[in-house]
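Engineer: Each chain, written out:
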Amino acid sequence: MTVLDSRVPDGPLESKWEDHKFDMKLVNPNNKRRFEIIIVGTGLAGASAAATLGELGYKVKVFTYHDSARRAHSIAAQGGINAAKNYHGDGDSVFRLFYDTVKGGDYRSREANVHRLAEVSNSIIDQCVAQGVPFAREYGGLLDNRSFGGAQVSRTFYARGQTGQQLLLGAYQALSRQVKEGNVELITKSEMLELVVVDGKAAGIVVRDLVTGEITRHSAHATVLATGGYANAFFLSTMAMASNVTAAWRAHRKGAFFANPSFTQIHPTAIPSSDEFQSKLTLMSESLRNDGRIWVPEDPDESRHPADIPEEERDYYLERRYPAFGNLAPRDISSRAAKVVVDEGKGVGPLKNGVYLDFADVMERLGHDAVADKYGNLFEMYERITGEDPYEVPMRIYPAPHYTMGGLWVDYHLQTTIPGLFSIGESNFSDHGANRLGASALMQGLADGYFVLPYTIGDYLAPMLGQPKVETSAPEFDQAEQDVQARIEKYLNTNGTRSVDWFHRELGKLLWDYCGMERTKEGLEKALSEIPALRAEFERDVRVLGSAESLNSSLEKVGRVADFFELAELMCKDALVREESCGGHFRAEHQTDDGEAQRDDENFAHVTAWEWTGDPGDPTEHREQLDFEYVTLTQRSYK
Amino acid sequence: MNLTLRVWRQAGPDAPGRFETYEAKGISEDSSFLEMLDTVNEELVAEGEEPIEFMHDCREGICGTCGLMINGRAHGPELGTATCQLHMRTYSDGDELVIEPFRAAGFPIIKDLVVGRSAFDRIIEAGGYVTVDTGSAPDANLTPVPKETADLAMDAAACIGCGACVAACPNGAAQLFTSAKISQLNVLPQGQPERYQRTLGMVEVMEEHFGSCTNMGECEAACPKGISIDFIAMMNKDYRKATFAGRKAG
Ligand SMILES: Cc1cc2nc3c(=O)[nH]c(=O)nc-3n(C[C@H](O)[C@H](O)[C@H](O)COP(=O)(O)OP(=O)(O)OC[C@H]3O[C@@H](n4cnc5c(N)ncnc54)[C@H](O)[C@@H]3O)c2cc1C
Ligand code: SF4
Ligand code: FES
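Chains as they are written, first to last, in our numbering: chain Y, 1 to 639; chain Z, 640 to 889.
It should be emphasised that the hints constitute simulated quantities derived from the structure, not laboratory data.
Don't be surprised by glycine CBs; every beta carbon is placed ideally from N, CA and C.
Misleading hints may appear alongside valid ones.
Straight line, CA to CA, 27 Å or less: simulated DSS-like cross-link-like pairs of lysine-lysine [said to hold, decoys possible]:
1. Z:LYS786 with Y:LYS374
2. Z:LYS880 with Y:LYS180
3. Y:LYS509 with Z:LYS876
4. Y:LYS352 with Z:LYS880
5. Y:LYS180 with Z:LYS664
Pulled from the structure, derived: some chain Z residues nowhere near chain Y, Cβ distances all over 12 Å [as the list claims (entries may be wrong)]:
6. PRO652
7. GLY665
8. ARG761
Simulated restraints, written as ranges between beta carbons of each label pair [what the hints assert, rightly or not]:
9. Y:PHE22 with Z:GLY856: 56 to 62 Å
10. Z:ASN875 with Y:SER473: 28 to 34 Å
11. Z:MET855 with Y:SER303: 20 to 26 Å
12. Z:GLU843 with Y:THR620: 44 to 50 Å
13. Y:GLN635 with Z:GLN831: 39 to 45 Å
14. Z:PRO809 with Y:LYS352: 33 to 39 Å
15. Y:PHE22 with Z:GLU843: 44 to 50 Å
16. Z:THR643 with Y:PRO419: 31 to 37 Å
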């Protein structure tokens, strides 16, 4: 087991980043044109990085499988983005945002990274406002804020319920300007299928054009993955349908360590699935928990209309178990509590797979109009999906996979264990520890892309001045392209009997049952024996029709699902070796007497980073020890 | 419920297209329209027939990827609803549905129900941004923006770039999309310095790719985000000012 070097600079926490910016090597403005950078992904992280690196003068090539850079998964974020502006004078500060984020992550993130994130948060808001992002304003014309996800201060900036959309469009527009100016070449509808490593360094990528099927090679001095999270491993999640792990996984197979893969966030308020054809889960904003009361009937055989169930026969389990935070208990805790009651058979709805989120009290207190004003669009969205009117009938909600804290291991420079390969946004593991706070992912994606990577990548490139990039005729490129071709042909020729979705759904069920909200040694071991068996069946029996020479979404999916299979094994393995509970990782064996997560700081205050060995069942474990100098580790309590 | 689908199938951009008939059986009314297509595709795969290609990603009505003509209407019959948010309870057992791609000269068909909308990106590249390099911005609260202005900008910014406005327009015009983006930036203080240059640039590129607007108003009715045609009037006004003053800077 090697010890990983995080390259966190010395010096006091508050000035590490500023000092380090000065210490890092610079590329002279005139020389930037001589460096080529590949970026994969045009979500918040990728688009902001591509725009900024283009502005700085680098020669940038950016890829997305979407048909436009405007459509990345980031667009779906509703709630908002945090920053330590303290515009409302309620005592917020960079240090408080830093502290909350480390604590919220259940002390499994790197202090120096999180502090830097909090430091640059304010510049993000400045940048976005200057771009014309229409954040919500107060009557005086200044920016409005709301509080979000358990924070005790108002630090969340928002644009109606479409914050992710507006931030992404801002970054996309900045990127479009660079495309127009010729600094950035944007290649859409193209999927990276392999990373190429030459002499131990990232040399470029192999890409498939999703429309024509053409396979092309691209080399550069540095490669950046901004390819998002992998919660779709569960099949049903709140992620966009196409979100996948392939880019990160291909890099992992070429030597990039994968950190904390089991750290997934299960969001407490999604609409439960209605039948087995369900293709994805829709998030209902967490803000609803400010006014909605969560309950289930005491009697598992309850069949009355919810309004007819008397108070004393209802269990407001969050209010009962967590009197101080009640319905606002953090995501991981609320999710698990819902699972407990549904497992007891008290779930509601036709499939008994949800809990009530009831607005009757607030309707009575504030009236229909005030409620409509606050939540109208969410209620409408709910009704459109379920056909039920939440003004009349309580909503039904249930937890859903939503975000992945785990991802490619990166050091303080956001560089993976492969020199020249960087990872930003949700695709890396960096800042959220074992649980991400609401409104912090947008912040991290934009921090990485606008304000961190553009400095740290220069430090990597500067010493390479004058060196040409690797030629795409290098044998490593030949090999990578052959591998891609071989995989495509293999799946087109398997001629099995079952669709890709069928296998994906089965895999998702296994992961959800054994590596979801609650994990046990026994369950994880079961999953670790069942996943390889299912994978073998997949390899033998999957059916992909059509050709490789045209748009073929089954072909796109089969490669992604194949990578999910390998990842799923690693997730279970990671959950198995982490013999503690922390944040989103709840091991039933490690709980306090009253059922709360029990951390083990003595033995597990580390990041687990896995190295690919060629056998998905036998990866090598590495560790990065986490040292806490500024934050005191305490047991989280929300009672 | 059981439905009969008449679906446009076209193997590639230059291949001839045709309608094929499929039966969608045992569809739950809680399914979304796209889940209904998923189910049909599962059946097709089981029978050894290539699944129908259609566009989608978020399935939440926000990414703007989805878009089908359903019985001649862009995004189907429900007002303010993108295709992915349309649910089968809108339909009844035995209904026949004609499903086609978004058709317009500016949106070439790629395969089946999938079209190319990159002309929208060209319009944005022609000026749909504020020129501000990363790191050069002043404090966000330096310039107050009246709430009504910010709200108006947000109304325009809500456009998801789906292209239903173009598909619904008998002329295949892209005025609603283009005016939404121009207006968002042109009403904000941040957008003023480039206001006229932006308007000229974007309108010119729009005209290269799309048809002309004859005020039919079909776009507004089809728009899943309720973007108002008032923005077209605002754009036209700015365009007249821009050409009149010959303000084409740089
Ligand atoms: C419903 C929902 C609501 C949310 N709300 C909030 C919120 O209110 N606040 C908050 O802070 N966070 C929120 N989040 C989380 C947040 O939206 C995401 O974590 C964040 O947007 C991820 O951004 P990204 O740039 O890292 O990745 P993405 O936006 O996922 O972008 C990934 C990009 O990579 C490309 N890509 C991936 N693989 C390849 C490949 N192999 N080849 C080519 N291109 C590839 C894709 O095309 C895409 O452009 C929410 C998430 C969900 C699901
Ligand atoms: S204006 Fe409406 S219909 Fe047109 S692209 Fe935007 S959201 Fe779609
Ligand atoms: S799939 Fe995203 S808007 Fe319909």
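Engineer: So, for every hint listed, does it hold in this structure?
Structural biologist: Status of each hint after checking the structure:
no.: 1; hint: Z:LYS786 with Y:LYS374; result: holds, 17 Å
no.: 2; hint: Z:LYS880 with Y:LYS180; result: holds, 25 Å
no.: 3; hint: Y:LYS509 with Z:LYS876; result: violated, 56 Å
no.: 4; hint: Y:LYS352 with Z:LYS880; result: violated, 61 Å
no.: 5; hint: Y:LYS180 with Z:LYS664; result: violated, 48 Å
no.: 6; hint: PRO652; result: violated, 8 Å
no.: 7; hint: GLY665; result: violated, 9 Å
no.: 8; hint: ARG761; result: violated, 9 Å
no.: 9; hint: Y:PHE22 with Z:GLY856: 56 to 62 Å; result: holds, 59 Å
no.: 10; hint: Z:ASN875 with Y:SER473: 28 to 34 Å; result: violated, 53 Å
no.: 11; hint: Z:MET855 with Y:SER303: 20 to 26 Å; result: violated, 52 Å
no.: 12; hint: Z:GLU843 with Y:THR620: 44 to 50 Å; result: violated, 58 Å
no.: 13; hint: Y:GLN635 with Z:GLN831: 39 to 45 Å; result: violated, 53 Å
no.: 14; hint: Z:PRO809 with Y:LYS352: 33 to 39 Å; result: violated, 50 Å
no.: 15; hint: Y:PHE22 with Z:GLU843: 44 to 50 Å; result: holds, 45 Å
no.: 16; hint: Z:THR643 with Y:PRO419: 31 to 37 Å; result: violated, 59 Å
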